[in-house]
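6 protein chains.
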Amino acid sequence: MSTIVRLVDETTSDPRVQAIFADIKATKQTDRVPDIWRALANHPEHLELCWTRLKAIMKPGKVDLLTKEIVALAVSVTNGCRYCIHSHTAAVQKLGLDAEAYGEILAVIGLFNQMNRLVDGLQVEPDIMPKPWQ
Amino acid sequence: MSTIVRLVDETTSDPRVQAIFADIKATKQTDRVPDIWRALANHPEHLELCWTRLKAIMKPGKVDLLTKEIVALAVSVTNGCRYCIHSHTAAVQKLGLDAEAYGEILAVIGLFNQMNRLVDGLQVEPDIMPKPWQ
Amino acid sequence: MSTIVRLVDETTSDPRVQAIFADIKATKQTDRVPDIWRALANHPEHLELCWTRLKAIMKPGKVDLLTKEIVALAVSVTNGCRYCIHSHTAAVQKLGLDAEAYGEILAVIGLFNQMNRLVDGLQVEPDIMPKPWQ
Amino acid sequence: MSTIVRLVDETTSDPRVQAIFADIKATKQTDRVPDIWRALANHPEHLELCWTRLKAIMKPGKVDLLTKEIVALAVSVTNGCRYCIHSHTAAVQKLGLDAEAYGEILAVIGLFNQMNRLVDGLQVEPDIMPKPWQ
Amino acid sequence: MSTIVRLVDETTSDPRVQAIFADIKATKQTDRVPDIWRALANHPEHLELCWTRLKAIMKPGKVDLLTKEIVALAVSVTNGCRYCIHSHTAAVQKLGLDAEAYGEILAVIGLFNQMNRLVDGLQVEPDIMPKPWQ
Amino acid sequence: MSTIVRLVDETTSDPRVQAIFADIKATKQTDRVPDIWRALANHPEHLELCWTRLKAIMKPGKVDLLTKEIVALAVSVTNGCRYCIHSHTAAVQKLGLDAEAYGEILAVIGLFNQMNRLVDGLQVEPDIMPKPWQ
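Residue numbers (the numbering used here), protein chains in the order written: chain A, 1 to 134; chain B, 1001 to 1134; chain C, 2001 to 2134; chain D, 3001 to 3134; chain E, 4001 to 4134; chain F, 5001 to 5134.
One should not assume that every hint holds.
Taking lysine-lysine and the PhoX-like style, the derived pairs with C-alpha atoms no more than 25 Å apart in a straight line are [unchecked claim]:
1. Lys1055(B) x Lys4059(E)
2. Lys2094(C) x Lys2131(C)
3. Lys55(A) x Lys3059(D)
Note that these hints are calculated values from the structure, not bench results. Quantities reported herein were computed from a predicted structural model and do not represent experimental measurements.
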């Protein structure tokens, strides 16, 4: 549900939206299209840009999918995005993160939200620099 | 350097601060105390609370240290904390993340900062819920 | 409704609040006072400061009202403020922004929430500077 | 300049990066590639995803380019992104926004960063809802 | 209630959690454990780290408890954290802040969320520096 | 200094700006106008709105000035605003906050930036509600 836009029906006759909805279901191996994609579908070009880009970035690469979903969760918690917190928590769970590991991840997220602000408050200049990557 | 407080010297005579500085160097296997800890040392009780807690949370557990540092980086980038972005980028690099994997992590951080705001803008209600953890 | 304070009734006997409520309804051409103003009315001096300032800033000037409401929406989405997202989406709609244009605006909001964080993550120094305005 | 990664040289021999750099210069009608794109070029696939998507979203459509750049500025100021604030201020200036109109835009950005937090503090529930778009 | 984790029952048989729950009730002089602590109790070590640290920081020191709770409220409103806004508003109220003083605090929170963004937008360099503390 | 706009000179011939500059110096008991006000002075109407409102909100009322400046600092640190962190740290120092009390305030700011995100991550619903204020 969205209180801003009407969700586009999964049975839409728009072929571009149909194709993306089918790809979302196949890629995520679910039998329904999550509401965020149905909301974005009011603007098919933007739906396509978002989905193709998310699909490209979230495929396993040098970094595995679970780590990528953990990053998505860390970002979503830091931004306080309710929908995303629910969906990325569900995702890390489905990918096998157990309760104890989840607790550790959450602790790290909380810790650095604190440390970031202590550093900002004290206005400490960077003293540990990365080297050029090889 | 800090433009807000004087950094406490590593040769401080305060035994509580001395002990923590020694532990920081031993734990991080470095020969100098990073400036954030020298800035926090103006308030020894708070220094101790922060360090003992960071040490407890950042030890490898069910989740390995590299994943924890990746989470720290995701939080720091989302909050725009300059010092922390530099130090956690240096940390993931030292732990072996290569340039390509770093590029993937950064892409995920950028992607969900976008998706979080699209979801907020559309006010989509959560439709994917985690199950109670076992 | 507010879960923090009681909303001041539109029939309040406080003459200062009465005058502002009347001005809000006249300016916005509505027959009810939005809840945010009824919540702020618990502190009449602050209500007056907020309303007179909002009225001064949101009058059409060199920049038209629709553009100003689009800016208000961009800020509110970036901050994740539920009430404000609803009211400014309603405002841009009432001022004639159609579904397609709304979709474009939302896409831009999402895009730069991503780009801002990529730039922060990479710590790129400004290289494109505005000139002094004439 | 970036303190995190080396900037990829404009004379790079990577054909994919070369093509994007050329397109950036043609599209923006400038003779140099802004540093953010040279930083992203360390990961050519991500560079391509970002650039093609930015180009698609930032082309004039139902909404003109100046309004899109104003939205980009509002997002960047709200997120406090230094590089982006400079580049989008330069962009709105180049597109003809004069000093007075800029002052009005900035005032609106400031105002709603305040109003968003007053609403959050008072936890006011949405009472003004958009209608389904036609 | 939490939609992410099961809340640990107050009658839990885990002795570490039992001891902390008892301490929370004694310290806060309430007869029930607030839900945030019951949610954190799924990970007893993290619960303990959070509670002992919060207890140490929130005891009256050079700064009184009401001022500390006002700071907690300012942070929570700026971050838009619903649960925390409710609980810290209740806390300042219980500690004797009256409606008028609350209105003044909220006004200050709103004001500097605005001023912060105006300063960011104008990219003004610091010109007022604190002296080294004695 | 500002990298976005020219700072209006204190010797400006604009009588409206002159009057506000004089009032700023008298109110703050300083002999120079802080750069943020000189930057805002490019748009005299906005300068006046900001200054008169800040002056009204920051006068001592039911809440004393030091507490108000502490709130301003908490907001500025949470938003990561460099200029504001410096100026409000200088302000609390000038108003008599000593190093130990400052350390306590900073600890509270850090703590609730952490707690806010833990609560968001766990999506805990409010269970402690304020009563209607008397």
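Results for each hint:
1. Only pairs whose Cα atoms come within 25 Å are accepted, and Lys1055(B) paired with Lys4059(E) is accepted, the gap being roughly 23 Å.
2. Under the criterion of a C-alpha separation no larger than 25 Å, the hint pairing Lys2094(C) with Lys2131(C) is inconsistent with the structure, at around 36 Å.
3. Taking the CA atoms of Lys55(A) and Lys3059(D), the gap is about 23 Å. The hint holds against a cut of 25 Å.
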